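Could you put the whole structure together from the sequences, leaning on the hints where they help?
Single-letter residue listing:
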Amino acid sequence: MTGRAWTTAAVMALLAGCSPRQTTTAAVTPVVAPQAATAVNPALALGKQLYRTGIGASGQPVKARIKGDLAEGAAIACANCHLRSGFGAQEGAQVAPPIAADTLFQPVKLKFHGVEVQNGAPRRPAYTPQTLLTALRTGVDAAGKPLADGMPRFELTDAEAAALVAYLQSLSAEASPGVEAKSVHLATVVSDDVPAADREAMLFALRKLVALKNGQAELYDVNPHDRSARMANVMLEGATDVASKRLSLAVWALHGPRASWPQQLAAYAKAEPVFALVGGIVAGSWQPVAAFAEEEGLPTLLPFAELPDAATPGWYTLYASDGVAQEGAGIAHFLLGDALLTQPPAVWQLEGELPAAVQRGFASAWQDGGKPAVAPVQLTADGLAAQVDRALAAKPQTLLLWSGTETAAILTQLAAHPNRPERVFIASGLQGDALLTLPETARPWLYVAWPWRLPEKEPPLAAGIGTWMAAPPAQVGERRYRIASMAYAAGLVLNNALMEVRSKYTRDHLMDVVGMQKDLQPPSWPRLSFGPGQRLASKGCYIVQMAAGTSLKLEAKSAWLTH
Amino acid sequence: MAAKTLWRSLTMTATLCAALLLPLPARAAPARSVSPVTLPNVTLVNQDGQRVQLPTLVDPAKPALVQFVFTTCQAICPVLATSFANLQKSLGKAGEQTTLLSVSLDPDNDTPKIGRAWLKRFHAHGNWQFLTGSLADVTQVTKAFQAFTEDKMTHAPLTFLWSPHEKAWVRLSGFVSNAELLAEYRQAVAP
Numbered sequence: 229m230t231g232r233a234w235t236t237a238a239v240m241a242l243l244a245g246c247s248p249r250q251t252t253t254a255a256v257t258p259v260v261a262p263q264a265a266t267a268v269n270p271a272l273a274l275g276k277q278l279y280r281t282g283i284g285a286s287g288q289p290v291k292a293r294i295k296g297d298l299a300e301g302a303a304i305a306c307a308n309c310h311l312r313s314g315f316g317a318q319e320g321a322q323v324a325p326p327i328a329a330d331t332l333f334q335p336v337k338l339k340f341h342g343v344e345v346q347n348g349a350p351r352r353p354a355y356t357p358q359t360l361l362t363a364l365r366t367g368v369d370a371a372g373k374p375l376a377d378g379m380p381r382f383e384l385t386d387a388e389a390a391a392l393v394a395y396l397q398s399l400s401a402e403a404s405p406g407v408e409a410k411s412v413h414l415a416t417v418v419s420d421d422v423p424a425a426d427r428e429a430m431l432f433a434l435r436k437l438v439a440l441k442n443g444q445a446e447l448y449d450v451n452p453h454d455r456s457a458r459m460a461n462v463m464l465e466g467a468t469d470v471a472s473k474r475l476s477l478a479v480w481a482l483h484g485p486r487a488s489w490p491q492q493l494a495a496y497a498k499a500e501p502v503f504a505l506v507g508g509i510v511a512g513s514w515q516p517v518a519a520f521a522e523e524e525g526l527p528t529l530l531p532f533a534e535l536p537d538a539a540t541p542g543w544y545t546l547y548a549s550d551g552v553a554q555e556g557a558g559i560a561h562f563l564l565g566d567a568l569l570t571q572p573p574a575v576w577q578l579e580g581e582l583p584a585a586v587q588r589g590f591a592s593a594w595q596d597g598g599k600p601a602v603a604p605v606q607l608t609a610d611g612l613a614a615q616v617d618r619a620l621a622a623k624p625q626t627l628l629l630w631s632g633t634e635t636a637a638i639l640t641q642l643a644a645h646p647n648r649p650e651r652v653f654i655a656s657g658l659q660g661d662a663l664l665t666l667p668e669t670a671r672p673w674l675y676v677a678w679p680w681r682l683p684e685k686e687p688p689l690a691a692g693i694g695t696w697m698a699a700p701p702a703q704v705g706e707r708r709y710r711i712a713s714m715a716y717a718a719g720l721v722l723n724n725a726l727m728e729v730r731s732k733y734t735r736d737h738l739m740d741v742v743g744m745q746k747d748l749q750p751p752s753w754p755r756l757s758f759g760p761g762q763r764l765a766s767k768g769c770y771i772v773q774m775a776a777g778t779s780l781k782l783e784a785k786s787a788w789l790t791h
Numbered sequence: 404m405a406a407k408t409l410w411r412s413l414t415m416t417a418t419l420c421a422a423l424l425l426p427l428p429a430r431a432a433p434a435r436s437v438s439p440v441t442l443p444n445v446t447l448v449n450q451d452g453q454r455v456q457l458p459t460l461v462d463p464a465k466p467a468l469v470q471f472v473f474t475t476c477q478a479i480c481p482v483l484a485t486s487f488a489n490l491q492k493s494l495g496k497a498g499e500q501t502t503l504l505s506v507s508l509d510p511d512n513d514t515p516k517i518g519r520a521w522l523k524r525f526h527a528h529g530n531w532q533f534l535t536g537s538l539a540d541v542t543q544v545t546k547a548f549q550a551f552t553e554d555k556m557t558h559a560p561l562t563f564l565w566s567p568h569e570k571a572w573v574r575l576s577g578f579v580s581n582a583e584l585l586a587e588y589r590q591a592v593a594p
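In order, the protein sequence lines correspond to chains A and B. Our numbering puts the last residue of the first sequence at 791; the count rises by one with no breaks. Our numbering puts the last residue of the second sequence at 594; the count rises by one with no breaks.
Some clues are possibly wrong.
Said to hold, decoys possible - Distance condition first, Cα-Cα at most 20 angstroms in a straight line; then the derived SDA-like pairs of lysine to any residue:
id: 1; chain 1: A; residue 1: Lys291; chain 2: B; residue 2: Glu587
id: 2; chain 1: A; residue 1: Lys599; chain 2: B; residue 2: Asn449
id: 3; chain 1: B; residue 1: Lys465; chain 2: B; residue 2: Val440
id: 4; chain 1: A; residue 1: Lys373; chain 2: A; residue 2: Thr359
As the list claims (entries may be wrong) - Reference listing, derived: stretches of chain B covered by chain A, where coverage requires no fewer than 3 residues with Cβ under 8 angstroms from a Cβ of chain A:
id: 5; stretch: 495–506
id: 6; stretch: 509–519
id: 7; stretch: 545–559
id: 8; stretch: 562–574
Keep in mind that the hints were calculated from the coordinates and are not lab data. None of the values given here were measured: they were computed from a predicted structure. We treat Cβ as the ideally placed atom computed from N, Cα and C, and that holds for glycine.
Right under this line is the structure:
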């Protein structure tokens with residue numbers, strides 16, 4: 229997308245969050261029981277299992293017919309089409325109508341030009357448990373009309389049918405915490421062992437998001453009839469309450485040992501309930517925060533996580549990428565298709581979580597590509613030069629160097645050595661701002677994994693991201709530019725999602741609409757793409773070489789590699 | 404774009420969306436047409452990580468089927484894939500030999516490994532392949548089949564069948580039942 233088109237998209241997204249009119253909340257009257265009751269009610273637990281996985285009471289997949297053909301289990305789970313929240317979805321021209329408690333058990337009114345007809349017979353009367361059962365089994369709705377072709381006709385036992393109906397009666401019946409008539413409460417998680425400047429880069433950008441949204445909400449509250457407000461109203465299709473909602477951002481600062489983080493997070497969540505976590509930055513693995521979010525059912529959008537936890541099954545945390553592991557995988561993908569590689573690469577790995585993660589990413593992709601495992605040479609920072617000398621005795625042709633602050637010294641040493649490898653691959657994510665000052669002598673044979681958009685394709689700062697940083701990139705540095713763009717992207721995703729929830733503020737619905745979101749092209753990434761259940765928005769990386777000098781001039785040596 | 408035009412197009416989009424939010428009426432049969440398709444000479448990657456040239460996968464003397472899918476799609480693609488699975492099953496030995504191609508609309512996410520798992524989920528065997536590649540190459544393929552949409556989230560249920568009999572690609576738009584697909588298949592092989 230061009231810079232201009234990208235700007236338009238961003239502006240539209242922000243603008244649409246700003247028009248007033250009515251203020252409705254998602255407080256929906258529970259019909260039977262809140263979702264929390266599933267833990268104690270076996271019928272609701274079975275209903276939830278049927279709804280989400282298509283597995284029946286016997287533990288076997290439930291069967292159904294679609295256009296007369298047999299289908300079963302996960303392929304026909306209700307949540308596939310109607311989504312976990314039950315608020316439905318549209319995929320192309322295929323529409324899965326909402327089936328949450330507040331719609332299924334209410335009549336569907338006739339619409340004329342999009343406006344509900346208040347008098348006369350409804351298009352579909354409210355379902356009763358009995359008519360719903362008939363619809364599930366035979367595909368005939370409460371008005372006696374056939375449901376769409378794609379809707380499975382289920383073969384359910386009486387117990388399963390009763391459980392599913394009970395679950396549907398409870399589905400998304402309660403609004404989630406953190407949303408009020410005029411506000412959406414958010415939080416961001418930062419740990420005190422993150423450098424203060426990094427933390428500030430994240431918070432500065434997130435506060436900018438809040439200020440922008442709230443400024444516009446204010447403006448449109450006082451001037452609801454100006455052109456932008458009318459445009460927003462059209463885009464929001466009646467769900468205009470989001471336009472005048474203000475955002476609040478709490479900072480959940482984590483202190484001390486990581487083992488104490490879950491308790492700290494729980495205390496924050498109790499004291500100031502929030503709808504979602506946005507952005508965030510901690511030192512080391514994001515795992516404790518992700519585990520908490522999973523337990524709480526708390527959406528977390530695009531934390532700056534160098535060590536995400538995407539391998540652990542989960543649904544509530546969307547990462548921008550797989551962190552530094554993705555760079556290791558990218559190098560493997562490059563070498564798997566590389567004609568110059570005539571002998572297995574050597575891997576030198578410094579101590580620490582980050583180099584280990586790069587190696588994990590490399591090893592996994594390398595072995596998926598059918599290659600035998602490569603045992604890394606483990607190096608320590610103490611007496612490094614001697615260790616490098618010893619490792620060079622093996623005359624590696626291609627070296628994968630998983631190091632951070634030591635990289636410059638190692639490259640300088642390699643440059644002067646007769647056994648210098650022909651090519652050295654490094655992960656940019658381990659280098660921080662030092663990337664730009666790596667020795668120029670090494671650059672002709674240095675290959676860098678680059679999980680970002682190529683610099684010449686970056687939109688100009690004037691396109692928006694400039695004001696999300698405390699100072700221009702030349703002053704804030706490469707790393708903090710990425711932190712700010714992560715917050716910016718999180719803001720875009722959040723804004724789009726808040727519009728798309730259409731006034732149905734449940735956390736599950738927020739994640740549902742995030743998963744159904746179209747591709748985005750914010751600064752920093754060639755493309756962020758989404759999908760139901762997808763955990764990583766950006767999946768690839770480039771392999772680049774760096775030109776001389778301390779400004780970021782890169783030459784791509786590969787296409788955007790995802791496999 | 405002039406403000407008025409923008410306003411009008413937004414209004415139209417909104418009306419269209421409102422109209423689309425109504426459930427679709429049940430349809431008896433998929434819409435059938437014959438498409439002029441020239442397979443682009445792109446190299447894609449199959450579920451085993453092998454690089455394959457698309458045109459070499461289709462033998463003009465034999466029927467072949469193509470669907471555009473992505474593995475995390477939950478509403479349309481599992482139903483499409485089920486129709487491939489049912490066809491394979493119904494055709495027995497001939498089903499194993501028939502070329503079935505599931506081409507990914509989400510190649511960034513759908514690695515060969517993920518494609519392999521997806522095929523397994525639908526008990527795929529024989530000559531049913533999952534194809535991924537670069538987004539640019541996949542886009543060439545969707546454009547050739549007139550199946551391109553701006554975003555994977557707006558894709559439609561489509562099945563394409565190469566008919567040696569008609570020497571053309573038959574385009575089936577909508578969900579297709581096993582009986583319908585079998586009938587099309589038989590028509591494609593038997594004059």
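Consistency of the hints with the structure:
A C-alpha spacing of about 26 angstroms is found between A:Lys291 and B:Glu587, which places the hinted pair above 20 angstroms, so the restraint is violated. Between A:Lys599 and B:Asn449 the CA atoms are separated by roughly 17 angstroms; this keeps the pair inside 20 angstroms, and the hint holds. For the suggested pair B:Lys465 and B:Val440, the alpha carbons sit about 16 angstroms apart, so the restraint of at most 20 angstroms is met. A threshold of 20 angstroms between alpha carbons decides the hint, and for A:Lys373 with A:Thr359 the separation of about 12 angstroms falls inside it, so the pair holds.
Counting residues of the stretch 495–506 of chain B whose beta carbon lies closer than 8 angstroms to any beta carbon of chain A gives 0, which falls short of the minimum of three for the stated coverage. Counting residues of the stretch 509–519 of chain B whose CB lies closer than 8 angstroms to any CB of chain A gives 7, so the stated coverage by that chain holds, three being the minimum. Counting residues of the stretch 545–559 of chain B whose C-beta sits closer than 8 angstroms to any C-beta of chain A gives 8, which meets the bar of three, so the coverage hint holds. For the stretch 562–574 of chain B, the proposed coverage by chain A is not satisfied: 0 residues have a C-beta within less than 8 angstroms of a C-beta in that chain, short of the threshold of three.
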